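Visitor: Below are the chains, spelled out letter by letter.
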Amino acid sequence: MIRAVRAEWTKVRTLPGAFWLLAASAVAAAFGRTGAQIGQVAIVALAVLAIGNEYATGLIRLTLTAMPNRLAVFVSKLVVIAALTAVTGTRQALYLTLIAVYSLGLAAVLRDTAGAVTTVLATLFVTPLLARVIDDPEWQRRLTTFSPMTASPGVLAGYAAVAALAGALCLRFRDA
Amino acid sequence: MTGFARQVHAEWTKLRTVRRWVIALGGAVILSVLLSVFAASASRTDANSDPRIVAGPDGGPVADDVVFAHQRLTGDVTVTAHVVAQADSHEWAAAGIMAKDGTTGGSRYAAIAVTPRHGTRLLADFTHDELAGSGSWLRLVRSGPTVTGFWSADGRTWQQSGIPARLPATVEIGLFVTSPPRVVVERGPGSTAMGELRTEGRAVFDAVSINGTTPRLRVTTVGTSEGMMSQSGGTATVTGSGAMGPNPPPDDVVQVSLFGMLAGVLVLVAVGTLFLTSETRRGLLRTTLTANPHRGRVLAAKAVVLGGVAFGVALAAGVTAFAAAQPLLRDRGWTPPAFPYAGLSDPPVWRALLMTAAFAAAVAVFTLAVATITRHSAATIAGVAALLVLPLIVGSAVPHRAAQVLMLVTPAGGFATQRVKPPTEALVDPTATVSGGWGLAVAVLYAAAALAGAGYVLRRRDA
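Residue numbers (this note's numbering), protein chains in the order written: chain F, 1 to 176; chain E, 177 to 639.
Quick caveat, the hints were computed from the structure, so don't treat them as lab data.
Remember, it's a predicted structure, so these values are computed and weren't measured experimentally.
Backbone N, C-alpha and C define an ideal beta-carbon position, used for all residues, glycine too.
Be careful, since some hints might not be right.
[Unchecked claim] Calculated pairs, SDA-like style, for lysine to any residue (alpha carbon to alpha carbon, straight line, at most 25 angstroms): (1) E:190 with E:210; (2) E:190 with F:56; (3) E:597 with F:135; (4) E:190 with F:112; (5) F:11 with F:62; (6) E:597 with E:578; (7) F:11 with E:456; (8) E:190 with E:632; (9) E:597 with E:360; (10) E:190 with F:135; (11) F:11 with E:578; (12) F:11 with E:581; (13) E:597 with F:56; (14) F:11 with F:173; (15) E:597 with F:17; (16) E:190 with E:578; (17) E:597 with F:1; (18) E:597 with E:190; (19) F:11 with E:459; (20) E:190 with F:111; (21) E:597 with E:378; (22) F:11 with E:550; (23) E:597 with F:173; (24) E:190 with F:136; (25) F:11 with F:128; (26) F:11 with E:454; (27) E:190 with E:549; (28) F:11 with E:458; (29) F:11 with E:551.
[Unchecked claim] Footprint (simulated), chain F over chain E, 3 or more residues, beta carbon under 8 angstroms: (30) 440-449; (31) 458-469; (32) 472-478.
[As the list claims (entries may be wrong)] Which chain F residues stay away from chain E? Per the calculated CB distances, all over 10 angstroms, these: (33) 1; (34) 3; (35) 16; (36) 46; (37) 66; (38) 115; (39) 133; (40) 145.
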């Protein structure tokens with residue numbers, strides 16, 4: 001497991017743009033909640049890339065040949081990305097880490113960098129704006145409660161858990 | 177085919193033969209329509225229960241709140257009055273002579289009035305408001321079908337001008353006073369509180385005469401106005417609050433039905449990125465650039481194809497979303513007089529749809545150019561999406577001025593193209609702080625600047 005985590009750490013470390021994405025989110029997160037809302041965009045990109053890039057280059061087949069325990073591969077990715085986000089996220093660490101896990105899980109399901117980034121950002125951004133444009137109070141309440149960006153940490157953790165589980169299952173039972 | 181046309185054709189072939197992209201573009205239309213329909217089905221308005229909004233002569237929403245001291249008269253008539261004093265209760269307070277088709281809210285009228293700061297004005301039917309000159313002696317003459325306003329500084333030498341009004345044979349005619357409320361807007365995180373403070377206008381008239389004799393006037397407070405009149409011979413004092421004029425609520429029925437375009441634009445951002453990065457990733461760009469050594473032209477051809485496709489997709493999405501959302505909105509209170517029915521044939525509506533499509537095209541081209549510079553799919557999509565959406569979220573929690581600046585320095589302001597109403601301070605939505613034209617101009621500027629930068633790096637860099 002340690003070896004798997006180290007392998008993932010090396011891959012993330014050498015991802016093109018990884019340093020800049022992390023730096024951007026760390027700087028933004030220092031400005032509190034609004035900063036984190038801006039900085040999360042970089043975290044989403046990084047977390048999606050961690051798996052999306054392997055599918056794009058075909059590296060995933062090599063990875064899974066070298067480490068047949070697919071769950072270990074996925075968990076290692078989660079650990080590395082979550083740890084990086086938690087360390088750089090300062091006071092917004094919890095929120096950003098949950099967003100990172102959510103993004104990584106969704107990316108494992110979609111297996112496509114562009115598709116996953118767009119889907120994650122759409123779920124993050126469209127719902128708060130929708131809550132503003134509508135004026136049915138019941139729907140407004142539902143949207144603010146369940147929109148990932150405005151939801152409580154508990155609800156967001158639920159999304160992250162479901163996405164991670166779905167990602168793990170997809171990786172485990174689907175051809176790579 | 178010329179060289180450039182051939183290149184455009186080549187890029188078009190690349191775009192339409194990637195099945196995922198075609199599916200994504202179709203998905204952009206479907207997503208936009210579904211989201212718009214959902215937004216419409218959860219949007220209710222009670223603007224029509226506001227007593228200050230009544231149907232004007234052409235059915236549009238008007239305010240008709242006025243204190244009116246009047247007499248009923250049929251046929252030709254001449255009314256004269258001298259405004260001795262007018263309180264400076266509001267810069268657009270008015271005091272003068274009016275002929276009106278009854279005292280029901282929204283009825284036609286022709287008037288001449290003095291204002292504290294904007295001279296003597298000729299007014300008619302809520303929409304006509306014209307500066308005549310200055311002079312506190314006023315006269316309104318109705319002769320056959322024509323109504324003429326006269327004004328004078330001394331009561332001896334008069335100037336005159338026609339007033340475009342269509343009045344019936346019998347009208348209520350006399351003195352009136354209005355004074356619009358002061359609007360107070362407070363913006364907080366996610367909400368805007370708009371309050372109105374009543375102001376009271378007051379004017380003293382003398383030398384009041386109708387057809388040469390001193391009239392016996394009775395007072396009516398039309399609409400929600402409050403005030404009174406006291407008369408003693410040819411002298412009368414009138415107080416009153418309220419305004420007469422167009423009074424559309426700030427909410428925009430076209431904008432609500434185009435909300436889903438946000439999702440469609442995000443999909444276009446993804447396709448715009450892949451249109452370039454999939455070539456760099458597979459090394460196809462090297463082949464492309466070998467076949468067309470003029471690199472700037474390759475980029476231009478890509479921009480033309482992508483911009484054209486984005487325009488078409490956004491236009492299809494906009495027209496469908498609008499058509500699908502309008503009936504839902506009509507069932508939820510978005511009806512005349514507050515919201516006159518909007519149709520695809522109305523010039524403001526199709527102008528908004530075309531501008532929204534142009535904005536989508538500008539965003540797609542901007543994305544393509546950014547992708548050319550960064551050569552990084554995830555960062556490009558995330559960065560452009562953030563630049564488009566975050567100002568909308570942040571802008572709703574900051575003061576009006578800051579929201580306006582945010583809309584003018586980011587391409588997010590382009591979402592203002594979905595509005596047909598003029599900018600207003602009364603909404604939380606930051607896109608309501610700028611006009612669609614300005615928003616679109618900023619987005620086009622972003623696209624042009626990024627394209628220039630992309631052309632530069634493409635020529636200077638190895639592919």
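Visitor: Against this structure, judge whether each hint is valid.
Guide: Checked hints:
1. E:190 with E:210: violated, 29 angstroms
2. E:190 with F:56: The hint holds at about 19 angstroms.
3. E:597 with F:135: Holds, at about 19 angstroms.
4. E:190 with F:112: Measuring from Cα to Cα gives roughly 19 angstroms; hence the hint holds.
5. F:11 with F:62: OK: residue 11 of chain F and residue 62 of chain F at ~13 angstroms, within 25 angstroms.
6. E:597 with E:578: holds, 21 angstroms
7. F:11 with E:456: At roughly 21 angstroms apart (the allowed maximum being 25 angstroms), residue 456 of chain E and residue 11 of chain F satisfy the hint.
8. E:190 with E:632: Holds, at roughly 23 angstroms.
9. E:597 with E:360: holds, 20 angstroms
10. E:190 with F:135: With a Cα-Cα distance of about 43 angstroms, the restraint between residue 190 of chain E and residue 135 of chain F is violated, given a limit of 25 angstroms.
11. F:11 with E:578: violated, 42 angstroms
12. F:11 with E:581: violated, 41 angstroms
13. E:597 with F:56: Since the Cα atoms of residue 597 of chain E and residue 56 of chain F sit roughly 46 angstroms apart, the hinted pair is violated (cutoff 25 angstroms).
14. F:11 with F:173: Holds, at about 23 angstroms.
15. E:597 with F:17: At roughly 43 angstroms apart (the allowed maximum being 25 angstroms), residue 17 of chain F and residue 597 of chain E break the hint.
16. E:190 with E:578: Distance ~43 angstroms between residue 190 of chain E and residue 578 of chain E Cα, so the pair is violated.
17. E:597 with F:1: Roughly 61 angstroms between the alpha carbons, so the hint for residue 597 of chain E and residue 1 of chain F is violated.
18. E:597 with E:190: violated, 40 angstroms
19. F:11 with E:459: holds, 22 angstroms
20. E:190 with F:111: Roughly 22 angstroms between the alpha carbons, so the hint for residue 190 of chain E and residue 111 of chain F holds.
21. E:597 with E:378: violated, 33 angstroms
22. F:11 with E:550: holds, 20 angstroms
23. E:597 with F:173: violated, 53 angstroms
24. E:190 with F:136: violated, 44 angstroms
25. F:11 with F:128: Since the Cα atoms of residue 11 of chain F and residue 128 of chain F sit roughly 34 angstroms apart, the hinted pair is violated (cutoff 25 angstroms).
26. F:11 with E:454: holds, 21 angstroms
27. E:190 with E:549: At roughly 20 angstroms apart (the allowed maximum being 25 angstroms), residue 549 of chain E and residue 190 of chain E satisfy the hint.
28. F:11 with E:458: Cα-Cα ~20 angstroms, so holds.
29. F:11 with E:551: holds, 19 angstroms
30. 440-449: holds (count 5)
31. 458-469: violated (count 0)
32. 472-478: violated (count 0)
33. 1: Non-interface label on residue 1 of chain F holds, nearest chain E Cβ at 27 angstroms vs cutoff 10 angstroms.
34. 3: The assertion about residue 3 of chain F holds, with a minimum of 27 angstroms to chain E.
35. 16: For residue 16 of chain F, whose nearest Cβ neighbour in chain E is about 6 angstroms away, the distance does not exceed 10 angstroms, so it is violated.
36. 46: For residue 46 of chain F, whose nearest Cβ neighbour in chain E is about 8 angstroms away, the distance does not exceed 10 angstroms, so it is violated.
37. 66: holds, 23 angstroms
38. 115: violated, 7 angstroms
39. 133: Non-interface label on residue 133 of chain F violated, nearest chain E Cβ at 5 angstroms vs cutoff 10 angstroms.
40. 145: The assertion about residue 145 of chain F holds, with a minimum of 15 angstroms to chain E.
The structure fails hints 1, 10, 11, 12, 13, 15, 16, 17, 18, 21, 23, 24, 25, 31, 32, 35, 36, 38 and 39 (numbered hints given earlier, in ascending order).
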